[in-house]
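S.K.: Since chain F is already given, all that's left is putting chain H on it; use the hints.
Respectively, the protein sequence lines represent chains F and H.
Residue numbers for the first sequence, in full-length UniProt numbering: 1 to 379.
Residue numbers for the second sequence, in full-length UniProt numbering: 1 to 247.
Be a bit skeptical, because a hint or two may be false.
[Unchecked claim] Restricting the straight-line Cα-Cα distance to at most 25 Å, the calculated cross-link-like pairs of lysine to any residue (SDA-like) are:
| no. | chain 1 | residue 1 | chain 2 | residue 2 |
| --- | --- | --- | --- | --- |
| 1 | H | Lys234 | F | Pro222 |
| 2 | F | Lys99 | H | Glu223 |
| 3 | F | Lys178 | F | Glu258 |
| 4 | F | Lys220 | H | Leu195 |
| 5 | H | Lys231 | F | Leu205 |
| 6 | F | Lys220 | H | Leu219 |
| 7 | F | Lys245 | F | Asp137 |
| 8 | F | Lys57 | H | Val72 |
| 9 | H | Lys173 | F | Val219 |
| 10 | F | Lys65 | F | Leu55 |
| 11 | H | Lys173 | H | Pro125 |
| 12 | H | Lys217 | F | Leu205 |
[Said to hold, decoys possible] What follows is a set of in silico ranges between Cβ atoms, one per label pair, in the way DEER data are often shown:
| no. | chain 1 | residue 1 | chain 2 | residue 2 | range |
| --- | --- | --- | --- | --- | --- |
| 13 | H | Ala58 | F | Lys212 | 45 to 51 Å |
| 14 | F | Lys212 | H | Gly50 | 46 to 52 Å |
| 15 | H | Leu155 | F | Gly240 | 40 to 46 Å |
| 16 | F | Gly213 | H | Pro30 | 36 to 42 Å |
| 17 | H | Ser108 | F | Ser235 | 47 to 53 Å |
| 18 | F | Val146 | H | Ser48 | 41 to 47 Å |
| 19 | F | Lys49 | H | Gly163 | 31 to 37 Å |
These aren't lab readings, by the way, just hints derived from the structure by calculation.
Note that beta-carbon positions come from the ideal geometry of N, C-alpha and C, so glycine has one too.
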Amino acid sequence: MSVRTLPLLFLNLGGEMLYILDQRLRAQNIPGDKARRVLHDIVLTMFNKSFIEELLKPQELYSKKALRTIYDRLAHASIMRLNQASMDKLYDLMTMALKYQVLLCPRPKDVLLVTYNHLDAIKGLIHDNPPLLHLVDETFRQLIEVYGCLSAGEFQLIRQTLLTFFQDLHIRVSIFLKDKVQNSNGRFVLPVTGPVPWGTEVPGLIRMFNSKGEEVRRVKFPHGGNYVIAPKEGSFEVYGDRVLKLGTNMYSVNRPMETHTSGTSKNLASQTQQSIAPNPLAKEELNFLARLMGGMEITKPSGSEPGFRLNLFTTDEEEEQAALTRPEELSHEVVNIQATQDQQRNQELARIMGEFEVKDQPRWSASKGDDLLAMMDEL
Amino acid sequence: MVAADSEGPRDPGVRQAAPGAADVHWCALPFRVLLVLTSHRGIQMYESDGSVMVYWHALDSRDASPDSTQAVFARGIASCGHFICVGMWSGRVLVFDIPLKGPNIVLSEELAAHPASVTDIASEPAQEPDCMADVVTADDSGLLCVWWSGPEFKLLTRIPGFGVPCNSVQLWKGIVAAGYGNGQVRLYEASTGALHVQINAHARAVCALDLAPGVGKLLSAAEDTFVHIWKLSKSRESGCTEAAPLL
Chain F
1 MSVRTLPLLF LNLGGEMLYI LDQRLRAQNI PGDKARRVLH DIVLTMFNKS
51 FIEELLKPQE LYSKKALRTI YDRLAHASIM RLNQASMDKL YDLMTMALKY
101 QVLLCPRPKD VLLVTYNHLD AIKGLIHDNP PLLHLVDETF RQLIEVYGCL
151 SAGEFQLIRQ TLLTFFQDLH IRVSIFLKDK VQNSNGRFVL PVTGPVPWGT
201 EVPGLIRMFN SKGEEVRRVK FPHGGNYVIA PKEGSFEVYG DRVLKLGTNM
251 YSVNRPMETH TSGTSKNLAS QTQQSIAPNP LAKEELNFLA RLMGGMEITK
301 PSGSEPGFRL NLFTTDEEEE QAALTRPEEL SHEVVNIQAT QDQQRNQELA
351 RIMGEFEVKD QPRWSASKGD DLLAMMDEL
Chain H
1 MVAADSEGPR DPGVRQAAPG AADVHWCALP FRVLLVLTSH RGIQMYESDG
51 SVMVYWHALD SRDASPDSTQ AVFARGIASC GHFICVGMWS GRVLVFDIPL
101 KGPNIVLSEE LAAHPASVTD IASEPAQEPD CMADVVTADD SGLLCVWWSG
151 PEFKLLTRIP GFGVPCNSVQ LWKGIVAAGY GNGQVRLYEA STGALHVQIN
201 AHARAVCALD LAPGVGKLLS AAEDTFVHIW KLSKSRESGC TEAAPLL
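Next up, chain H with everything else stripped away, as it sits in the complex:
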C-alpha cells in the first residue's frame, strides 16, 4: 500500500500509512486509473502503479472553524467522467478535473451543500436520458445530496437525514442505497428522493455497502459482526424498487 506522508513521497514503495488515514479509492476514469488517498493531512493522487504522486492537496487547518472545535480531514472519494470528488470535514465536496495524462490536475469546484462532515460519495454513469443523477454524497447528519456532474455540478435532490449518520452510500440504476449508523439500509429514488425500501438490517452501525452492478446485489457490513446480501430489483407493475434478502 502506498503511504500518506506529510511532505509527499521521496521514493516509491511500501510505507506505513499515517495514523488516522481516512480513505482510499481506485478512481477508474475512462482514460486512466488513479489511486487516491485521504488523511488528516491532505489528499494525494498517485499513478496506478504507485510510482509517481501526481497531485497533493494539503488540508489547511486554518480552514477549520475559528474556535477549532473540529478535526480536519478528508473522507469520501469517487470518480465520475473526468472528475474526481473528495469530501471534507467541513461538508464541502472538492471536485478535481483530471487531464488525460500528467499532473495537471485542477480543483474545478467546491460544492457546499452539506452542513456536516462528508462520510461517503458514490457515482455511476448516467443511466437513462431522463435520469441525470450520477453522483450522490452523504454526511454525518444523514443528509444525502444527489448531483448531476458536469463542468458545473448541479444539485438535483436533497434527501434529509433523521439524526443518524449515513456511513456509506451506493448508486445503481437511479437508486440510492444508504447505510446508516442505526443499522438501517434505505433505498431511495435518486431523481425524486422518495423512500422505496427501508430495511432494519443490522443491530449496530452499518460500516460499508458494496454493490455488484451487473446483477443488482447489495452487500451491507455492520459492527454487529454480520454481513448481508440483498437482491435489488424494480417491480414491473409499479416501477418501484424492491429488495429481497439473499444472505
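If we strip away everything but chain F, and leave its shape as in the complex, we get:
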C-alpha cells in the first residue's frame, strides 16, 4: 500500500466537509459573519503549516477511527457545534462523496485533479482573506512538489490504497440516488460512455505488425461502450482548468442531503470483525494523532462570540431519530485518548510538542500543553 496517500485523503475529505457545512450554514440561515467565521477557522486549522508538514511525510494510512477523530476536532475548530448524529451524517456524506470521486477517476493520476478541484473551491470560500489564501497556495505548491514527479504506477497504488480504505462502505446518498450514479444497494454505477482517460485510445482497434515493425493489418471490433477521445488534459499547476468535474461542489442550497443507512448492515459484518482483532499499530496511531493534533492550532472562541449548533438534518426531531436508529456497525467510535493516565505517553506528547517551533506565537506556555491534554480527554 502506498505511503503517499494520507495527504490526498485528508485534503479531499476536508474539502467535502467544507462544501457540506457551507450548504448547511446557508440552508439554516446562520448569519453571514458567523458562517464566514466558521469556514475560515476550519480552513485555518486544516492548512496549519506544521500540520501539513506532518501530513506530507511518507507514512501508512491509519485506521478509520483515527481519521474520524481528526474530523471531529476539525469540525469543532470554531464556534460551531455538531451533535453526534449530525457529525455521523456529515462524515458519511464526506466519505461516500470521496469514494465516488476516486472510483470514477479516469486515470489514477486524476485523483490529484480531484484534490486540486477541492483546493480551488476552498480558495473561493476564503477569497477575502489574503493570509489564509497564501496558506492554501503554500500547500498547493508543496503538493505539486511531492506528487509532481510520481509515476503512473505509484498513482495506481495510491488509488488502490484509497479504494481499500473505502471498501465495504455502501451508504446511500440522496443526491447520488437521484442522479442515478448510485444504485439502491449502495453500489456506484460505472459509466461506459464519455471521454476515455488522457493517454488512452478509444477501444475497438487491433493493429498487427510484421517482424520488421511495419503495420500489416488493422481490424476493428465492437467494444460495447460508447467512448470518445479525451478533449484535453487537466492542468496540474496552481492555477488552471482542471477539465475534470469530480471534486467540484455538487451541493447547492436546495439539493437534498439525506443518507440512508438502513439495510447496509450485512456488508459491514466483515468490517466489524476486523476491528475487534487487536491492532498492533494502535500505539503508533495514537502517537501520530497526538503529533497531528499538536500541530493543529485550535483557535479558542473569544468571549463575545457565542457558539451555535449546526444541524445536518432538517429538524431537531429528525436528528434525534437518526441517532436512535443508526445501525450498530456504522457507529463511529471516536478514539478516547486517556493521555493523563499514561506516564509514558505524557512524556512522548511533551517531547513532540517540544519539537514544534513556537517562536512566532508568544501565547505558547505550559498552559497550552495542558490545553492539548485536556482537549484529548474530551474526545
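M.R.: For chain H alone, kept in the frame of chain F given last:
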C-alpha cells in the same frame, strides 16, 4: 482461504487475510503443489491443503530506500521447473529453489533487472529447442523482462515500457501477452521483443489477463467493467502472431 499472519500461523484453518494482502498463487511444480501468499509483511508458502506453512520470508522494511518513501510489499508469483519466483516492491525478483518435499526451501537468486515495482510474473515450459524463454516479469514502468530459468536465471530480452504500468502478463508459445494501465493489450515475440499485435482493448486499466494454453484464447479484464476474449494464432505465411476478437 488461508490467512497471512504476522508471526506465521499457530493453527491451520480459515482466517482473515491481512489488510493489503497483495497476491496469491497456486504453484504447480512437477512434483508438488504449494500455495504462495504475499503481503506487505512477507511471503508465505503452504502445503496445498493449507495444513502446514513450509516457508516464511519476512520483508524487511530496512531494505526499503533510506528516505522510506516507498511502501514495502511483494507482488507477482510464478513457478517454473523447481523454482518459484516472487516479485518485490524494489523491482527485484526473488527466486526460490523448491525441494521435492519438506520445508528446505532456499532463496537461490535475486534478479535485479527492474527499476520499478514488479507487478506480475508469468511462466510456461520452454517450447521449442531454439526458444528458451520460459519466464517473463513485468513492472510499474511497463518494462518487461524475458528470462531463461536455470540454476542461474539468464535475461534474454528487455521490452521497454512507454510510461504506463504493465499490470498483467502471460506467456504462451513464445508470445508475451501484456495488459497495460492505459487499456492496451500488446503481444510481443518473447525471444526478440518485437511488437506483433497492439489492441486498443479497454477504456480503463487492464487488471488481469488469463490464458487457456490448449486453445490459445486470451482473456482480458479491465476497470471499464468489460471482459474480452481474444483468439491468438500464428500466421502460416509470416510466422507472426495475430489476434482476433471473440467476445
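S.K.: Run through the hints listed earlier and report the numbers of any the structure violates, in increasing order.
M.R.: none
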